[in-house]
Structure formats: structure tokens, C-alpha cells
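The lines below spell out each chain.
Number of protein chains: 2
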Amino acid sequence: MTEFLIKPSLNNKKVYKIKKSINENGKVENIPVIEEKPLTLYLNNQEIVTMMTIGDYPEYLALGYLYNQGMLHAYSEVTKIEYHNDLNVVVVRTKNKTNYEKKLKKKVNTSGCAQGTVFGDLYSEIEKIKLNKKISISHQQLISLSKKINMEPSLYLKVGAIHGCVLCEVDKPLYYFEDVGRHNAVDKIAGLILQKNINTDNLVFYTTGRLTSEMVIKCIKMQIPILLSRSGFTAWAIEIAKKKNLTMIGRMKGKRLNILSGEFRFTNE
Amino acid sequence: MTEFLIKPSLNNKKVYKIKKSINENGKVENIPVIEEKPLTLYLNNQEIVTMMTIGDYPEYLALGYLYNQGMLHAYSEVTKIEYHNDLNVVVVRTKNKTNYEKKLKKKVNTSGCAQGTVFGDLYSEIEKIKLNKKISISHQQLISLSKKINMEPSLYLKVGAIHGCVLCEVDKPLYYFEDVGRHNAVDKIAGLILQKNINTDNLVFYTTGRLTSEMVIKCIKMQIPILLSRSGFTAWAIEIAKKKNLTMIGRMKGKRLNILSGEFRFTNE
Chain C
1 MTEFLIKPSL NNKKVYKIKK SINENGKVEN IPVIEEKPLT LYLNNQEIVT MMTIGDYPEY
61 LALGYLYNQG MLHAYSEVTK IEYHNDLNVV VVRTKNKTNY EKKLKKKVNT SGCAQGTVFG
121 DLYSEIEKIK LNKKISISHQ QLISLSKKIN MEPSLYLKVG AIHGCVLCEV DKPLYYFEDV
181 GRHNAVDKIA GLILQKNINT DNLVFYTTGR LTSEMVIKCI KMQIPILLSR SGFTAWAIEI
241 AKKKNLTMIG RMKGKRLNIL SGEFRFTNE
Chain S
1 MTEFLIKPSL NNKKVYKIKK SINENGKVEN IPVIEEKPLT LYLNNQEIVT MMTIGDYPEY
61 LALGYLYNQG MLHAYSEVTK IEYHNDLNVV VVRTKNKTNY EKKLKKKVNT SGCAQGTVFG
121 DLYSEIEKIK LNKKISISHQ QLISLSKKIN MEPSLYLKVG AIHGCVLCEV DKPLYYFEDV
181 GRHNAVDKIA GLILQKNINT DNLVFYTTGR LTSEMVIKCI KMQIPILLSR SGFTAWAIEI
241 AKKKNLTMIG RMKGKRLNIL SGEFRFTNE
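For the record, the sequence lines run as chains C and S.
Taking our numbering, I'd label the letters of the first sequence as residues 1 to 269.
Taking our numbering, I'd label the letters of the second sequence as residues 1 to 269.
Misleading hints may appear alongside valid ones.
Intra- or inter-copy, both count: the list cannot distinguish identical chains.
[Stated by the list, open to error] In silico lysine-lysine, DSSO-like type, Cα no more than 30 Å apart, as pairs:
(1) K27 x K13
(2) K255 x K158
(3) K147 x K158
(4) K158 x K95
(5) K243 x K19
(6) K27 x K7
(7) K148 x K253
(8) K196 x K134
(9) K27 x K128
(10) K158 x K20
(11) K37 x K221
(12) K158 x K253
(13) K130 x K17
(14) K13 x K128
(15) K134 x K37
(16) K147 x K253
No lab work stands behind these hints, which were simulated from the structure alone.
Here the structure is a predicted model, which means the values were calculated and not measured.
Generate coordinates for the entire structure from the input sequences, incorporating the hints supplied.
In C-alpha cells:
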């Protein structure tokens with residue numbers, strides 16, 4: 001089994017419930033079903049959003065959400081994170097007070113799962129980012145990464161109805177988060193990167209979900225040069241990836257894959 | 001082939017593009033990739049939301065979105081729908097002016113795909129709804145419905161990275177919509193129901209996507225008593241379905257299925 005630094009929350013009994021199901025033969029079974037609970041995020045005294053989440057890592061989720069929405073730029077701005085389990089509330093406090101009223105009025109609902117909401121000006125935030133061009137990944141490394149991720153015991157394998165996102169080095173997966181929406185999972189990774197100040201120049205981002213424009217934008221915002229998925233992709237996602245020289249690979253299954261952008265980082269070994 | 005009244009937009013060349021992809025052997029292929037374009041929705045002079053969509057049936061999408069968000073209650077309130085293809089804008093005009101400023105401030109981002117945003121008070125809107133208890137569906141009908149839907153040529157089969165929603169009678173699928181997010185697809189169906197004033201008491205709703213709380217709430221809001229999916233489900237979705245006596249069946253594949261709620265409408269024939 002792979003040595004993940006953070007593994008799927010499989011042993012967290014709070015993220016799923018046992019529910020009664022009747023199968024096609026009338027047989028009653030007790031099956032594990034994923035939780036989906038509201039978590040309301042405050043930035044100082046400003047209510048930002050209520051997200052539906054499995055409920056693990058609320059602090060990373062909160063930080064990552066604010067970061068990906070452009071409401072927070074560095075962990076040094078944060079003075080405190082308060083998670084109130086009983087209230088389903090997480091509060092992020094910053095040194096300087098903020099006001100996102102205006103931004104909150106103009107939201108873009110994107111095609112992502114959960115939290116599929118970015119502000120209209122998010123794209124402008126990635127315009128200046130230049131991704132590391134010196135990293136490469138081989139076909140064998142991709143096959144091996146996929147295998148390690150897919151073989152890892154996960155909520156997906158146990159409970160289903162969930163997406164996973166994994167932050168990896170080219171030859172090994174490091175942090176594996178899951179959530180009902182793939183955007184919660186990616187925001188947890190963004191929160192981790194922010195809090196631990198992880199240098200992502202040589203890292204790889206793997207998601208079980210589809211590669212839509214928002215997923216590509218978030219990957220670029222986290223300055224990760226390689227984006228992988230076992231699922232499909234949209235035309236706009238490809239266009240943004242090409243513009244920013246992101247290596248974007250979709251439909252990765254076994255040995256098969258589709259390189260949609262940034263093929264210069266891929267080596268056929 | 002099934003006689004759908006509305007079929008997937010497979011012959012609409014605007015909903016996908018041909019993109020270059022390189023496979024694992026370095027071979028360049030031209031593959032069809034789904035579009036994902038912004039569509040900004042106005043209710044009278046109020047900007048409501050920008051959605052990412054494949055772009056077909058913008059009028060149904062607009063109507064259904066407003067209906068599912070509780071901003072519109074009957075088609076008779078609507079005086080005009082204007083779709084400006086060049087601007088990616090759709091405007092719904094109503095007899096009486098509306099103001100949703102306050103509601104817009106308090107949004108809940110749910111675990112759905114795309115448009116995964118409901119207002120916090122949405123649940124209260126379904127509290128009084130009573131679903132028709134006199135309809136039933138047999139195991140054979142479910143197998144046959146699934147088969148017809150899965151065999152139908154669709155954007156999913158051709159392009160991938162897309163969800164489908166189908167409004168059916170117990171023994172035949174009627175209207176089949178697809179979109180990048182499953183919530184756009186369900187909103188198109190809601191728009192159709194609203195505009196055509198369809199009585200849904202004896203109808204069935206099939207989705208390729210997961211059964212999350214929001215999907216269940218939308219199904220109940222459309223007063224459809226049976227909800228089917230080939231995918232998984234969340235604990236909260238089951239709880240809401242049980243409370244409202246919705247028949248909810250997940251992981252429908254071939255002969256297999258999981259009945260999570262409302263088993264009284266299922267007959268094992």
C-alpha cells in the first residue's frame with residue numbers, strides 16, 4: 001500500500017452512515033452511504049457560503065475555498081480558524097477586515113460539482129502565472145501513479161458517490177482528499193498547500209472528476225504544472241490549459257490516456 | 001430506437017468542438033469534445049447568475065433555473081424570454097417586477113454539478129408537496145427504461161464528460177436533456193414542465209448523476225414521485241426522500257438496483 005501523507009477519510013466514521021437498502025429481489029441490506037452536511041463559511045463577520053461536504057478537514061476546505069475564490073492570498077493573512085462542529089460553521093479570521101459584498105453579487109456558477117462557483121474575475125487572477133516548464137512525467141510514471149491511487153482503500157471504493165483529488169510527486173501520490181463534490185476535494189488540497197506553504201512547481205494534480213474550465217483554473221492558481229484525470233474534459237478547459245502551458249491529460253485508464261495540452265512535459269518511456 | 005419527444009442534442013454541431021489529442025503512443029487524433037460556455041441569466045433587469053452550459057435549450061434552462069430557485073412559480077407570470085446568442089445572455093421577463101437581492105446574498109452551494117446552488121429556503125418550498133402514491137413501477141419496467149436510455153445515441157456516448165436527465169412515463173422515456181452539469185440538465189426539464197404545463201403525477205425522473213439532496217429536492221419540487229439513477233446517493237438525499245415519500249432508486253444497472261426510499265411504489269414483476 002502506498003505511504004500517503006494524508007489518506008482518504010475511510011476510518012472517519014462520521015463521514016458515512018449505514019442506511020437500509022432493498023435490492024431487486026426484495027432483500028434488505030444495510031449499506032454504507034456517504035454523508036453530505038452543510039458547512040457555513042464565514043470570513044471574519046461576513047457569511048460567505050454554505051457548502052455541502054462530507055465534513056472532514058473543514059479548516060483546509062475553508063482556507064482553500066477562500067484562496068480559490070481570490071478572497072485570501074497567503075496564510076500569513078490568517079490569524080485564526082475556528083471550527084464549530086455543533087453549529088456546522090467554520091470561521092476564518094484575518095488581520096485586515098475584508099468586504100466581499102460586491103463580489104458576492106456577481107457569481108459564476110460553473111459546471112463543476114459542489115462549490116462549483118467561481119467569481120467572474122477569477123480568470124484574471126491566473127493571467128500572470130507561469131507554470132514550471134522544466135518538469136516532465138513519463139508514461140510509466142503516469143501508469144504507476146494511477147494504479148497507486150486506484151488501489152488505495154478509499155471512500156469511493158467503500159461508499160461511492162464521491163470524488164477524489166490527489167496531490168502527487170511525479171512518482172508518488174502524497175495527499176489524498178475526497179468529498180461529495182470534486183470542488184470541495186480540490187479546495188481541501190488548496191487549503192493544505194496554503195497552510196503548509198508547499199512549493200508546487202514540481203507537483204502533479206490528479207482528480208477523479210471531469211476536467212472543466214474551473215478545475216483547470218484552480219490547478220493553475222495552485223501553480224501545479226500537470227493535471228491528470230481518469231474522466232473526460234470540456235473544450236474550454238483545453239483552451240485555457242493550452243493558453244497557460246498546463247499539461248492536461250484526461251481519460252487516464254490503465255495504459256491509455258489523452259494528452260490535451262502541454263505535451264512537452266510528457267515522455268514516452 | 002426509442003421515440004423520444006426531445007432527444008439529446010447530438011445533431012447540434014454547436015455543442016461540441018473537434019480538438020487535437022495525443023494518445024499514449026504519440027498518435028495525434030481529432031476527437032469531439034463537449035462545449036462549456038457561459039450563459040448569463042437575467043430576471044427582468046436583475047442579473048441572476050452565469051451558468052456554464054453546452055448551450056442548447058437556453059430558454060428551458062433559464063425557466064427551470066428560476067423555477068427551481070423559487071424565483072418563478074408559474075409560466076403565466078412570464079411575458080417574454082429573450083435569448084441573445086451573440087451575447088450569451090438570456091432574459092426572462094415577468095408581469096410583475098421582482099427583487100431577489102436579499103435572496104442572492106444567502107446562497108447554499110450544494111454538492112451538485114453545475115448550477116449546484118440552491119437558496120437556503122428551498123427546502124421549505126417542498127414541505128407542503130404531496131407526491132402521488134397511486135403510481136407504481138415494476139422491475140421489468142425499470143430494466144426496460146434503463147436500457148432504452150442507455151442505448152439511445154447521446155452526447156454522452158459520443159463526447160463524454162456530460163450528464164443526462166430524462167423525463168419518462170413508467171414504460172417509456174419522453175424527454176432527454178444533457179449538459180455539462182447534471183443540474184443544468186434537470187433545470188431544462190423543469191423549464192419544459194413549466195412551459196408546457198406537464199402533469200407530472202404519473203411520471204418518472206431518470207438521471208445519470210448522483211442522487212444528492214439537491215437532486216431529490218428538485219425532483220420533489222417538480223412533483224415527480226419516482227427518481228432513478230445509475231449512480232450513487234448520499235445519506236441526506238435518502239433522508240429527504242423518505243420524509244416526502246419519494247421513491248428513490250440508485251445504482252440501477254442491468255437488473256441490479258438499490259431502493260432507498262418509497263419501496264411501496266415498486267413491484268417485483
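Hint check results:
| no. | hint | result |
| --- | --- | --- |
| 1 | K27 x K13 | within (25 Å within a copy, 46 Å between copies) |
| 2 | K255 x K158 | both (25 Å within a copy, 21 Å between copies) |
| 3 | K147 x K158 | both (17 Å within a copy, 27 Å between copies) |
| 4 | K158 x K95 | neither (42 Å within a copy, 51 Å between copies) |
| 5 | K243 x K19 | between (47 Å within a copy, 14 Å between copies) |
| 6 | K27 x K7 | neither (34 Å within a copy, 36 Å between copies) |
| 7 | K148 x K253 | both (12 Å within a copy, 27 Å between copies) |
| 8 | K196 x K134 | within (23 Å within a copy, 57 Å between copies) |
| 9 | K27 x K128 | neither (58 Å within a copy, 32 Å between copies) |
| 10 | K158 x K20 | within (16 Å within a copy, 36 Å between copies) |
| 11 | K37 x K221 | both (27 Å within a copy, 21 Å between copies) |
| 12 | K158 x K253 | both (20 Å within a copy, 18 Å between copies) |
| 13 | K130 x K17 | between (44 Å within a copy, 27 Å between copies) |
| 14 | K13 x K128 | neither (43 Å within a copy, 34 Å between copies) |
| 15 | K134 x K37 | neither (42 Å within a copy, 32 Å between copies) |
| 16 | K147 x K253 | both (9 Å within a copy, 25 Å between copies) |
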